[in-house]
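There are 4 protein chains.
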Amino acid sequence: MDYVYGPGRNHLFVPGPVNIPDQVIRAMNRNNEDYRSPAVPALTKILLEDVKKIFKTTSGTPFLIPTTGTGAWESALTNTLSPGDRIVSFLIGQFSLLWIDQQQRLNFKVDVVESEWGQGANLDVLASKIAEDKAHTIKAICIVHNETATGVTNDLAAVRKILDHYQHPALFLVDGVSSICALDFRMDEWGIDVALTGSQKALSLPTGMGIVCASHKALEATKTAKSVRVFFDWNDYLKFYKLGTYWPYTPSIQLLYGLRAALDLIFEEGLDNVIARHGRLAKATRLAVEAWGLKNCTQKEEWFSDTVTAVVVPPYIDSSEIVRRAWKRYNLSLGLGLNKVAGKVFRIGHLGNLNELQLMGCLAGVEMVLKDVGYPVKLGSGVAAASAYLQNTIPLIPSRI
Amino acid sequence: MDYVYGPGRNHLFVPGPVNIPDQVIRAMNRNNEDYRSPAVPALTKILLEDVKKIFKTTSGTPFLIPTTGTGAWESALTNTLSPGDRIVSFLIGQFSLLWIDQQQRLNFKVDVVESEWGQGANLDVLASKIAEDKAHTIKAICIVHNETATGVTNDLAAVRKILDHYQHPALFLVDGVSSICALDFRMDEWGIDVALTGSQKALSLPTGMGIVCASHKALEATKTAKSVRVFFDWNDYLKFYKLGTYWPYTPSIQLLYGLRAALDLIFEEGLDNVIARHGRLAKATRLAVEAWGLKNCTQKEEWFSDTVTAVVVPPYIDSSEIVRRAWKRYNLSLGLGLNKVAGKVFRIGHLGNLNELQLMGCLAGVEMVLKDVGYPVKLGSGVAAASAYLQNTIPLIPSRI
Amino acid sequence: MDYVYGPGRNHLFVPGPVNIPDQVIRAMNRNNEDYRSPAVPALTKILLEDVKKIFKTTSGTPFLIPTTGTGAWESALTNTLSPGDRIVSFLIGQFSLLWIDQQQRLNFKVDVVESEWGQGANLDVLASKIAEDKAHTIKAICIVHNETATGVTNDLAAVRKILDHYQHPALFLVDGVSSICALDFRMDEWGIDVALTGSQKALSLPTGMGIVCASHKALEATKTAKSVRVFFDWNDYLKFYKLGTYWPYTPSIQLLYGLRAALDLIFEEGLDNVIARHGRLAKATRLAVEAWGLKNCTQKEEWFSDTVTAVVVPPYIDSSEIVRRAWKRYNLSLGLGLNKVAGKVFRIGHLGNLNELQLMGCLAGVEMVLKDVGYPVKLGSGVAAASAYLQNTIPLIPSRI
Amino acid sequence: MDYVYGPGRNHLFVPGPVNIPDQVIRAMNRNNEDYRSPAVPALTKILLEDVKKIFKTTSGTPFLIPTTGTGAWESALTNTLSPGDRIVSFLIGQFSLLWIDQQQRLNFKVDVVESEWGQGANLDVLASKIAEDKAHTIKAICIVHNETATGVTNDLAAVRKILDHYQHPALFLVDGVSSICALDFRMDEWGIDVALTGSQKALSLPTGMGIVCASHKALEATKTAKSVRVFFDWNDYLKFYKLGTYWPYTPSIQLLYGLRAALDLIFEEGLDNVIARHGRLAKATRLAVEAWGLKNCTQKEEWFSDTVTAVVVPPYIDSSEIVRRAWKRYNLSLGLGLNKVAGKVFRIGHLGNLNELQLMGCLAGVEMVLKDVGYPVKLGSGVAAASAYLQNTIPLIPSRI
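Going line by line, the protein sequences match chains A, B, C and D. Counting from 1, position 237 in the first sequence corresponds to residue 237 in UniProt numbering; the numbering is continuous, with no gaps. Counting from 1, position 219 in the second sequence corresponds to residue 219 in UniProt numbering; the numbering is continuous, with no gaps. Counting from 1, position 361 in the third sequence corresponds to residue 361 in UniProt numbering; the numbering is continuous, with no gaps. Counting from 1, position 156 in the fourth sequence corresponds to residue 156 in UniProt numbering; the numbering is continuous, with no gaps.
Simulated from the structure, these hints should not be mistaken for laboratory data. Everything numeric in this text was worked out from a predicted model, so none of it was measured. Certain hints may be false.
[Said to hold, decoys possible] Computed cross-link-like contacts, BS3-like style, restricted to lysine-lysine with a CA-CA straight-line distance of at most 30 Å:
id : chain 1 : residue 1 : chain 2 : residue 2
1  : A       : Lys283    : A       : Lys161
2  : A       : Lys239    : B       : Lys109
3  : C       : Lys109    : D       : Lys226
[Claimed, not checked] From chain A, some residues computed to sit far from chain B (all C-beta separations above 12 Å):
id : residue
4  : Gly279
5  : Arg280
6  : Leu294
Each residue gets a CB set at the ideal place from its N, CA and C atoms; glycine is no exception.
Whole structure, please, built from the sequences with the hints as guidance.
Below, the structure is given as structure tokens:
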């Protein structure tokens with residue numbers, strides 16, 4: 001029944017779903033409860049307040065939707081826009097591609113701004129589109145903060161700067177699926193109108209909760225947005241928020257208690273410490289890749305992602321074989337190259353509740369797999385580079401000093 | 001943090017979410033896994049095959065959607081119908097009302113056939129509508145098998161008989177949320193085109209999985225259905241079924257293993273034994289209600305539900321107070337009266353992985369609460385009536401003989 | 001693999017091991033930890049302080065020994081006494097018999113004071129023995145606070161009164177296995193020298209921790225006690241207490257965290273409320289037994305146990321058949337009659353983390369079983385009697401008011 | 001409450017208690033059960049049969065005692081020997097020292113054969129003692145198979161050879177605490193009379209079960225053995241084995257189901273594969289130690305332990321500081337140097353349900369800690385040496401091929 005069995009633990013380094021901390025697994029280890037009893041609304045109320053902190057917003061309105069990131073996308077779009085609305089969207093990898101596909105199937109008019117995979121969003125094109133759009137026909141800018149397929153992080157502050165510069169009223173919709181809780185993310189400061197993530201990413205929960213946060217402006221937009229929506233309609237939530245019962249339909253009791261535990265862990269470590277930790281692990285990973293003589297799929301340092309690193313393999317190697325073999329021989333789960341970069345890159349996810357030695361295990365595993373598939377890596381070289389950096393930078397565990 | 005604390009266990013008798021068996025809680029007590037590794041597709045493949053058994057279908061195509069019943073409804077409608085399509089829908093309680101509301105918001109033209117709450121769907125009206133509809137303008141019949149608000153079970157075989165009698169091609173869409181895995185349900189035999197349920201009902205899992213099963217005819221209908229859909233689009237699933245990777249987006253690993261364990265328990269007991277057990281517990285509950293001198297909200301025996309009993313209280317009692325007090329004093333969770341029957345009925349959910357003595361605890365609790373709120377119940381009377389029936393009918397536990 | 005499977009939950013009403021609260025199961029759901037890291041001693045230190053509260057002692061020294069009640073007995077005896085020492089011990093049922101057997105095998109000279117099973121310890125005999133023992137040849141009084149086989153609770157305060165009256169220095173050793181945390185127990189006030197219980201009883205944990213508490217006088221006695229002991233030697237613990245590392249050998253990490261959670265629940269409810277709850281459930285049980293027309297094995301009210309009720313069946317019924325059938329047909333676990341009362345009594349354990357409706361389920365089950373085996377019980381009669389009492393006495397759940 | 005918190009998982013590399021596989025944690029995540037119901041004896045019966053396989057015995061009689069290794073020692077000695085009996089025992093490290101201390105406190109006459117710590121048992125001395133002992137005054141040979149303090153494995157086959165050579169009837173009592181289920185161990189072939197281990201070692205369970213296996217000859221010896229014993233008396237078990245109820249006192253239900261799951265994992269991997277895996281991980285560890293330029297505490301290759309490696313640090317470093325810092329900064333748990341080697345060695349436990357990349361994480365951590373405390377290690381050097389060996393030797397995970 002447990003197909004995945006091998007001695008010891010699985011080393012989970014895909015960029016989602018990520019490792020769930022034991023404290024969260026424990027918190028979720030429970031029976032169902034009546035979600036109409038006073039207990040669940042009381043829990044929900046606090047969660048809605050606390051979850052805003054991971055978006056760095058005080059004025060946003062959060063929604064905890066029983067869905068995945070794909071559903072969270074759909075809720076962001078259909079609640080704020082009408083069919084035919086013009087939006088600008090950036091195609092830089094598989095996940096931005098899928099979001100654009102969704103936007104088109106939902107009948108928006110999408111200006112697709114494409115970049116080479118491995119590059120960030122082309123904000124120059126955005127600037128000129130915005131500059132030209134005196135009539136404000138552009139209703140929304142849709143951008144993936146961190147493209148999980150290529151390990152590229154976009155500059156959200158720069159997007160806001162462009163919109164502000166031209167005093168353009170377009171909504172600013174952000175996929176923060178592989179960034180929120182792991183990368184620097186400031187909903188209020190950057191004037192983001194809808195931000196969203198999924199429970200199974202940096203929050204380190206099981207899949208099943210789309211966490212969406214809407215600005216005042218986004219909530220205003222719902223009044224005129226004509227996209228058809230029922231399951232994803234924020235107004236159904238808002239109606240129940242007012243009643244104090246919170247849920248238009250049944251939530252997962254387990255995910256609510258899990259979210260409580262996950263937030264507790266993040267707040268205990270400190271959100272900024274969590275983000276700094278992601279920075280350290282990512283930097284260590286990139287130093288290992290460099291030591292192996294391999295290339296980062298991300299073309300410039302300004303776009304380096306601190307949650308996922310896509311590693312380019314030499315043309316004579318099939319990166320899928322690396323992923324297969326890592327799983328079969330070392331119980332190591334790596335991310336496949338997707339679509340345009342299939343066979344060309346493999347991905348190391350370093351997000352969520354992880355520490356340095358877990359990463360070292362992964363890097364040592366990647367080295368052995370690389371050798372297995374015929375790449376002349378020097379065993380230990382990546383670990384050496386990564387640990388030289390980490391040994392100088394990681395702090396003591398605060399609760400243990 | 002655990003607001004619900006009281007000594008001992010909570011007695012969960014709402015009609016969903018229901019009690020999760022310990023075996024299922026154990027199976028879900030686990031870390032995330034890479035859903036793109038070979039293990040998760042292998043598990044999924046078997047689950048898709050096995051889940052058909054609870055629908056009693058061999059030809060249907062199942063979808064395990066990360067959503068709730070409300071989302072499952074939306075998937076049934078948008079995949080098979082186009083805006084403006086005429087459908088016949090039965091309003092007999094809160095859940096059929098909510099589904100009709102969704103149907104209208106999704107821009108279908110709904111012929112609402114209303115019955116008094118406590119009665120079943122008016123199939124005479126259906127018959128005449130079908131008889132008159134020579135042009136086949138009616139595209140679908142939407143019916144809730146078991147209306148959870150009033151404890152009314154509709155006769156699905158009769159619906160099929162009407163359609164067959166007039167050789168009417170309308171799709172037959174069934175909400176089996178509080179019926180499938182608990183009541184007699186025969187997708188193939190009754191010619192149901194889309195049947196759906198939610199994981200937190202008779203399957204006895206946490207909330208978060210909408211389980212939808214589509215007939216060949218329903219799948220054909222997707223080709224012409226113009227309703228906008230992305231997250232709920234079955235074709236995205238079918239594409240990945242063909243690839244053998246099964247998932248267009250990330251599933252909940254925990255729910256997959258939980259479903260495996262839940263199905264194992266059902267098959268071990270035997271689906272028909274499960275259904276018979278629901279029949280016994282329901283009958284026992286109705287006998288208790290009778291012994292208390294109270295009325296079943298369901299007006300005729302033919303509509304009695306074997307998964308939920310809505311009990312009418314005398315006018316001088318507020319049924320909400322019964323529910324509140326049951327929770328506050330006895331750690332007993334009962335269902336509120338909803339909408340039209342708010343304050344007038346309380347509901348006992350007796351579905352899912354339950355046994356006789358659990359029900360006895362509930363009935364004893366209801367008796368004490370009734371007395372607490374001033375109803376002159378004879379303590380022990382309901383338990384006596386229920387156990388007199390059960391003592392003559394329940395079998396030995398097969399694995400223990 | 002799960003032989004015990006039946007639909008729904010097992011109704012566990014043996015007098016140990018008892019139901020573990022979900023909060024405790026969650027707390028124990030964890031990996032091992034290095035017990036020599038600073039974390040485990042820090043946890044242990046607080047536990048040792050907190051566990052004294054359940055003994056109502058401030059001056060006692062507790063030991064958390066990886067063993068069962070039988071081992072806890074052995075530790076009480078061997079640490080304080082020497083072979084050949086004279087002790088007075090009361091034989092009133094199976095567990096006092098087993099302890100006496102141990103005392104004899106450990107080579108003590110035991111004055112066995114026997115009572116009929118169903119009666120309490122004969123304290124008149126004790127008084128005369130003490131009165132006569134001017135030379136203080138009696139080194140210890142050994143008494144089982146609550147005899148689990150017959151549901152008899154002895155009067156510990158009266159024992160102390162006798163010793164005090166004659167200013168007799170005998171050690172006062174008490175088996176509190178089925179009493180501590182459930183019955184009124186006052187180590188300091190009653191001058192108890194060694195008190196002990198097991199984790200699987202009223203503390204509602206898994207089996208595996210013998211919890212022993214020693215007075216100053218008992219610790220002094222270790223200095224002259226010549227009984228051979230190594231594993232059970234308190235001095236090995238005391239040595240590690242001084243070092244601040246606490247453990248002479250490896251403890252169960254899971255039981256330590258479980259004990260933390262169990263104590264948290266008890267303190268949250270309030271130890272005296274816990275004891276009062278046991279009183280209520282026991283009284284309700286006895287009222288049910290009376291309503292069934294059956295006899296309590298305990299012969300006088302002054303000995304009624306609030307943790308277990310032994311029910312005498314008519315001579316034409318084999319009580320073992322009741323226990324077997326309860327398990328086979330109703331998933332109800334009752335206690336067998338043991339030794340002298342085998343076949344004559346069955347036992348209802350009502351100790352640990354239980355509530356009223358759980359007990360009602362049990363009572364309803366017992367009624368059905370009684371009828372199954374041919375006893376002319378009036379179904380519902382016991383539940384009626386019990387709930388009439390409870391409905392007037394149980395408080396609201398404090399955290400829910 | 002969770003003092004041990006740090007981001008990510010704890011890396012547990014003490015030589016016990018060791019990591020518990022998720023499958024086992026899941027199996028133990030359960031409520032108590034009545035151990036007198038038919039289910040628990042049925043489970044026990046199979047466990048007693050299966051547990052013999054890890055001892056490689058068909059004729060031995062196993063006991064699952066609710067205790068630790070220390071208690072298992074006591075049961076081995078007191079069931080087979082009488083006070084004053086002469087035994088030969090080998091002092092080669094802290095755990096053999098503790099056992100000898102127990103032997104002396106239990107009043108046996110112990111010929112202590114001491115070796116330098118880091119060396120194995122001096123079998124030449126044994127041979128001459130046996131040769132001289134024509135009168136068979138030596139009643140037992142007590143030997144620790146694997147001394148956990150120094151990482152020394154003794155040659156049990158050689159002990160048997162000596163006894164056989166002189167046809168000496170002494171009992172052969174073996175502490176297999178850190179060897180059984182991890183090292184080559186052959187109870188029947190090597191004529192071992194009592195072998196024992198603890199659940200928290202290579203079986204990868206929580207602490208709390210002492211697993212002892214006795215030969216026919218050992219069982220015969222119980223008839224004349226005069227050591228006082230009650231809790232540890234095998235005859236109490238044998239009495240209940242005959243009755244088919246198996247337990248003289250309450251077992252831990254959770255540990256029984258845990259043992260079931262643990263054995264299932266071991267048999268699925270194959271016991272000999274498990275042992276081979278321990279060999280690989282140990283060899284990799286030793287290669288890393290060598291690459292760091294550090295010395296193994298074990299003085300000769302013939303004694304190298306495949307379950308624990310004790311690493312000698314240079315005199316200017318306090319090995320305790322390494323252990324402290326590993327825990328504080330890297331969430332890595334290493335073993336302290338004990339007694340004579342305190343401050344001089346730290347220990348890497350590599351036993352139980354572990355895999356290669358987990359070990360790599362540990363080795364990378366040790367390297368960083370070594371640098372932290374001022375040892376001029378080349379970062380990555382140990383990982384390189386270990387992975388060069390592993391990359392050539394580890395098999396594919398069988399279930400994934």
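Tell me, which hint numbers fail for this structure?
-> none
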